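Work out the full structure, taking the sequences as your base and the hints as a guide.
Chains as they are written, first to last, in my numbering: chain Y, 51 to 394; chain L, 51 to 394.
Just so you know, the hints here were simulated from the structure itself, not pulled from any lab data.
Computed from a predicted model, the values in this text were never measured in an experiment.
One should not assume that every hint holds.
[To be verified] If you anchor each label on the Cβ, the simulated ranges turn out as follows:
1. L/Ile53 to Y/Phe247: 42 to 48 angstroms
2. L/Val379 to Y/Arg184: 41 to 47 angstroms
3. L/Glu255 to Y/Asn201: 45 to 51 angstroms
C-beta: ideal position from N, C-alpha, C; glycine also.
Protein chains: 2
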Amino acid sequence: MAITQLSKYGEFGLIKHLTKSFSPKNSSTIKSIGDDAAVLNYQNSLTVVTTDLLVEGVHFDLTYTPLKHLGYKAVVVNLSDVYAMNAIPKHITVSVAVSSLFSVEMLEELYAGILRACEHYNVDLVGGDTSTSRKGLFISVTALGEVEKENVVYRNGAKENDLICVSGDLGGAYLGLQILEREKKAFENNPNIQPRFQGFDYILERQLKPEARKDVVKELKSLNLKPNAMIDISDGLSSEILHICEQSNVGCKIYEEKIPLDTQTINTAELFDIQPVTCALNGGEDYELLFTLPLSFYEKIKGNPMFSIIGHIVPKNEGNYLITQQNSVAELKAQGWNAYISHQ
Amino acid sequence: MAITQLSKYGEFGLIKHLTKSFSPKNSSTIKSIGDDAAVLNYQNSLTVVTTDLLVEGVHFDLTYTPLKHLGYKAVVVNLSDVYAMNAIPKHITVSVAVSSLFSVEMLEELYAGILRACEHYNVDLVGGDTSTSRKGLFISVTALGEVEKENVVYRNGAKENDLICVSGDLGGAYLGLQILEREKKAFENNPNIQPRFQGFDYILERQLKPEARKDVVKELKSLNLKPNAMIDISDGLSSEILHICEQSNVGCKIYEEKIPLDTQTINTAELFDIQPVTCALNGGEDYELLFTLPLSFYEKIKGNPMFSIIGHIVPKNEGNYLITQQNSVAELKAQGWNAYISHQ
Numbered sequence: 051m052a053i054t055q056l057s058k059y060g061e062f063g064l065i066k067h068l069t070k071s072f073s074p075k076n077s078s079t080i081k082s083i084g085d086d087a088a089v090l091n092y093q094n095s096l097t098v099v100t101t102d103l104l105v106e107g108v109h110f111d112l113t114y115t116p117l118k119h120l121g122y123k124a125v126v127v128n129l130s131d132v133y134a135m136n137a138i139p140k141h142i143t144v145s146v147a148v149s150s151l152f153s154v155e156m157l158e159e160l161y162a163g164i165l166r167a168c169e170h171y172n173v174d175l176v177g178g179d180t181s182t183s184r185k186g187l188f189i190s191v192t193a194l195g196e197v198e199k200e201n202v203v204y205r206n207g208a209k210e211n212d213l214i215c216v217s218g219d220l221g222g223a224y225l226g227l228q229i230l231e232r233e234k235k236a237f238e239n240n241p242n243i244q245p246r247f248q249g250f251d252y253i254l255e256r257q258l259k260p261e262a263r264k265d266v267v268k269e270l271k272s273l274n275l276k277p278n279a280m281i282d283i284s285d286g287l288s289s290e291i292l293h294i295c296e297q298s299n300v301g302c303k304i305y306e307e308k309i310p311l312d313t314q315t316i317n318t319a320e321l322f323d324i325q326p327v328t329c330a331l332n333g334g335e336d337y338e339l340l341f342t343l344p345l346s347f348y349e350k351i352k353g354n355p356m357f358s359i360i361g362h363i364v365p366k367n368e369g370n371y372l373i374t375q376q377n378s379v380a381e382l383k384a385q386g387w388n389a390y391i392s393h394q
Numbered sequence: 051m052a053i054t055q056l057s058k059y060g061e062f063g064l065i066k067h068l069t070k071s072f073s074p075k076n077s078s079t080i081k082s083i084g085d086d087a088a089v090l091n092y093q094n095s096l097t098v099v100t101t102d103l104l105v106e107g108v109h110f111d112l113t114y115t116p117l118k119h120l121g122y123k124a125v126v127v128n129l130s131d132v133y134a135m136n137a138i139p140k141h142i143t144v145s146v147a148v149s150s151l152f153s154v155e156m157l158e159e160l161y162a163g164i165l166r167a168c169e170h171y172n173v174d175l176v177g178g179d180t181s182t183s184r185k186g187l188f189i190s191v192t193a194l195g196e197v198e199k200e201n202v203v204y205r206n207g208a209k210e211n212d213l214i215c216v217s218g219d220l221g222g223a224y225l226g227l228q229i230l231e232r233e234k235k236a237f238e239n240n241p242n243i244q245p246r247f248q249g250f251d252y253i254l255e256r257q258l259k260p261e262a263r264k265d266v267v268k269e270l271k272s273l274n275l276k277p278n279a280m281i282d283i284s285d286g287l288s289s290e291i292l293h294i295c296e297q298s299n300v301g302c303k304i305y306e307e308k309i310p311l312d313t314q315t316i317n318t319a320e321l322f323d324i325q326p327v328t329c330a331l332n333g334g335e336d337y338e339l340l341f342t343l344p345l346s347f348y349e350k351i352k353g354n355p356m357f358s359i360i361g362h363i364v365p366k367n368e369g370n371y372l373i374t375q376q377n378s379v380a381e382l383k384a385q386g387w388n389a390y391i392s393h394q
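Next comes the structure, spelled out in structure tokens:
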């Protein structure tokens, strides 16, 4: 790869260079990059806004994260929050701080991933910053989306007897990370070793190139199903269902046997001598959607391959419990401090 | 000051703690911090969005920047971009990454400044992140605002014969920084020395606690004056007028004698043996508004103490020139690479 120093480009030249392939796709983009601020038209709907800051060494490790995947993921984790409001993402801003060790080509890779995500999710990049840092890579993404007033879904709307549903399968992203960490250690011990990634393709993709579930929001709309509460699973199922229960002032019963797990997730968990369900409950980064639906929608949703019904909402005084496969009862607890505190 | 480690607070406890004094003031804030995303009502106007990333050692120096002032300034520089669209800021998100050397009390100071800015400018904090960094403090702020479709002002609307106007005075923030740097060096040479700040209060405030010109946007509205083009002065007058001229496909003539300078700015420039006008042209961080108005508005604006008319727009082929006090002509040039590249 050629190495071009960042200083080759002038003050505004670098941004022009990095964003030249981005062209607005949404009619709601009135003014994109190039003025003091972008101008957006959300006049027929509510505006949804969310932001995430990704820090090298805390949220990602460049040893095994390709920059293109990182750019893609940085966008996706924000879009996932927009979908979790039952909204459609339309616009993002991206600010990046890089150390002087970064080359123009490395930034191009990062922006190629950002562009790929913008194209796949039909969102427009409308602003941002590029700056230097003394150490490490920082990526701050803000996503905006739109939703009709009557369709917005919060965390606080779950009702007693609601079905608790989840899209896709859980725990894979966490185990993908364990494989990457294992191979990093092996490489550090012996730089001549070939990484052992065969048979782990699905969980590696879950970790390195997750997708936000725009198809789920679309499917719910086409089935005419509006969830009472919804959240995206970034911190693990336990933590997320507890957010819904706390904010909705209810309790929950989750059935271990109903939690969706991919075969590769189960096999890899066994390889690491972990319970697969623990990865689903506490692993995080799956970016699936967790939502509750009135019981009356049972017929409409059962058997839909996109969703699993994993439990139901109970009165608050009945607590938050997991019913294990052995039919014992375990209290659901949130994960502790993990160096990453989100407002959202 | 007491020192409480960040880890004392749980994953979501720190955010709750830092944001407990922030309460929404705008009816357009439908849902603030606490869900996957904030929900905002911009249904009767266009949405304006801008973002800035501030990096320790690049954009600020904690040796002489009080954290409360830094929090205030991080908000203000974004609001300034919103006002430069002739819009009213309504909402911000703030993401912060801090090294483990930071205490809860230090973050409280930073957020106290953010709160002060929110109160002064009547904006609501509606989301964000707090994360750790391996080294240094990073603050990413995104500001959203609203403007009626017919009132938005871009950089690209300047017309031949327009008056070029600027609010307040220029060059002070740059000289304030020179005083702070001078005293930092003096302190490094002799830690027992008392800093010599007397007589520099105005320019120090311009650097450490700048304000965004919401009063200017209000005054223009009350005078029924809509600028043809507007930009905020973050990088120095030269660079900003060239943005307007380039995007509007016109040229400009600026008169040195008309550029507004405070007495303290002039005296301090002389102390450092710099031309005062150089500080105005290239210094930056003044956060005044630069705008162009049709010549027909001359009677309405002349003599208004809030504004100075500093020149006029000319055809593009006449170039971009400064007429000096000695009546010579100098081509206006933008500053070079300054390690800080903004999309906006």
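Hints, verified against the model:
L/Ile53 and Y/Phe247 have their C-beta atoms about 45 angstroms apart, which keeps the hinted 42 to 48 angstroms range intact. For L/Val379 paired with Y/Arg184, a C-beta distance near 42 angstroms keeps the hint of 41 to 47 angstroms intact. Taking 45 to 51 angstroms as the suggested C-beta distance range, the pair L/Glu255 and Y/Asn201 conforms, at roughly 47 angstroms.
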